[in-house]
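Asker: Listed below are the residues making up each chain.
2 protein chains.
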Amino acid sequence: MKILVLGGDGYLGWPTAMDLADRGHEVAVVDNYLRRDLARNEDVSPLFTLPNLVERCRIWNEISPQQITPFVGDLRDWTFVQQVFTSFTPDAVIHYAEQPSAPYSMLRRQAASLTLSNNLEVTANVIFAVREFAPDAHIVKLGTMGEYGTPNIDIEEGWLNVEHKGRSDKFLFPRQAGSLYHTTKIMDTDLLWFYTRMWGLAVTDLMQGPVYGIYTDQSERDERLLPHFAYDELFGTVLNRFTVQAVAGYPLTVYGKGGQTRGYLNIRDTLQCVRLSLENPSKKGELRIFNQFVETFSVNDLAERVQAAGKEMGLSVEIKSIANPRIEREEHYYNPAHTGLIDLGLKPHPLTTEVLTQIMEKITRHKDAIDVHKIFRGTKWA
Amino acid sequence: MKILVLGGDGYLGWPTAMDLADRGHEVAVVDNYLRRDLARNEDVSPLFTLPNLVERCRIWNEISPQQITPFVGDLRDWTFVQQVFTSFTPDAVIHYAEQPSAPYSMLRRQAASLTLSNNLEVTANVIFAVREFAPDAHIVKLGTMGEYGTPNIDIEEGWLNVEHKGRSDKFLFPRQAGSLYHTTKIMDTDLLWFYTRMWGLAVTDLMQGPVYGIYTDQSERDERLLPHFAYDELFGTVLNRFTVQAVAGYPLTVYGKGGQTRGYLNIRDTLQCVRLSLENPSKKGELRIFNQFVETFSVNDLAERVQAAGKEMGLSVEIKSIANPRIEREEHYYNPAHTGLIDLGLKPHPLTTEVLTQIMEKITRHKDAIDVHKIFRGTKWA
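Protein chains in written order, with our numbering: chain Z, 347 to 728; chain A, 347 to 728.
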């Protein structure tokens, strides 16, 4: 299958591209280094120094039979979109090409505007490009569990049958998110659902929870292939931050009561979920939605697990509650369904102490690179 | 009250500004002539030749004690937004400043992109400007009944209590629209609801149905103050088109079975609804939603009423069903609530034969200006 990975330089995009190439798919990656530029401008940097996307492809192509082709450019620019889709006409597109940080989207007006424009315009261009250049291509879009927020009812997989005054209909599950970034993902879903109905697109929208982890099968072969691993407040997901904080002797910063519960998954499971979605495409005219996570944890659960794993490694890990800079419920009901990807064949990697110590041992080898000043910033929601 | 009317050059914006000035409010209007530019580029034009916004204000200010101040510029441009909000700091903002046409948004990729970017960026800038320069200002936003689409359940006013598996919560009423334009209004609501929760904005989102009519009290005083009255397929609302078609001897073009049912209102009632919303603001931290229409009609109902009114005027009006260029249900359940604005004091003007003949008599005086080639275009949804 010819697969275009949009946002192929990112934490998940690059490992996805390698995984798909390893499975024999013909893969091209597209990125404009937006994430790298934003990180540099905000004075944060990932734990590992990364080759650029063209270099990464060159390294990969030297050691692998199945090549990856890079395209560097901005998918908001239609001329570039045309160039990509006419030189590599895909059977499927995975769309990771968005500003991915909730705290970044809340930093200031310009950051919010960039998040809104970038994410919506790229999603629209992907839809228009598929219609014009690859009308049968399956679009796999990374959404987020954060689209649902924390409602007081069970969260179903994307859809809800509503009974009201003796009549019924099926709707997108109600969505109300906790950051502007998450709100742009709601809008992406609105946009994909509209054009799926109008033009018969085949779309899978993956409501993913926060991802953790470093290694995948491919980066274990050559460390130069490791992903963009962020540990700062802006771009680092919570468990990745906590593991780095534990190694650096920096207290685990729990926001408020720490009862905030989300569905988490290992980066290896992200790759499985995306591959299963691609290899079992949705039908034309169908917006298929999966809730993509493996286990739910509260922030307190995560902190305690990292503390326990640290103890096994001889680290003394402190947990510190701080005033919550976000506007969110700190204790809430949370019961999301997540059977769709299991039904497709997902074999979950649960979060064990062994998994945590493996991650923290890897981080320990890069301990000197950790700049503790970059961990916390206190980006406020209001 | 100091009121900023964004999109103050439009079909509804300009009559709203005059109405509010007449009621003693201090009014400024903002527009970038986007609607005029798009109409010119698409080779359509309104029935009346219009003075530009600065000229309209000059004419108004000559005959009225309460002045209207014009600002001409693009609200996507933050420098311009700053200039407007610092020189006229409002107590309330009415936001009409969007690309308002469903068929235009479906014309081609560029038109869709413009609709998406313009509508979302302007709404975001309005939110950011209120937060920065007028934090207590009430935002009144024109949404559309089209956000709800045509669900198989009763449409409530903006919100729905959902019971699910023994638990319950209150959500925005499910939304799925029939055009990209309407979908951008869903996204506007998503955005307003997010920032209302985060920043305690006071917002009223008016889910308006299609508006018809020409005269309001103010334009009856001087014909140079008439609104932008479009009769073409792109920018003309259905009843305005039908009345022009009847006068021009052009068959009333009903799409498909003609059972498409919507909630309609007279332009005079739009002015009442907006004024009532402004004079009875929502609370800080509240997104208040009203369904803004007076009566529901199917397209067949409208065609028959125009035919009957035409007969009274001695016109022979033909009704012609054509293949539906849109993707929509032609027969459907439709039962939307609309009590909120009545409770605030709205006194509806129902659609009577007298109202229709008044509109058609006015159009007859401009009959020579009607260019029948501009009425129909067959913009297809797919």
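Incorrect hints may appear among the rest.
Because identical chains cannot be distinguished in the list, a pair is counted as satisfied if it fits within a single copy or across any two copies.
Subject to a maximum C-alpha distance of 30 Å in a straight line, what follows is the list of computed DSSO-like cross-link-like pairs (lysine-lysine) [as the list claims (entries may be wrong)]:
1) Lys-630 to Lys-720
2) Lys-630 to Lys-726
3) Lys-693 to Lys-603
4) Lys-629 to Lys-603
What the hints contain is simulated information worked out from the structure, not anything from laboratory work.
Asker: Which of the numbered hints are not met once you compare them with the structure shown?
Answerer: Violated hints (numbers, rising): 1 and 3; every other hint is consistent with the structure.
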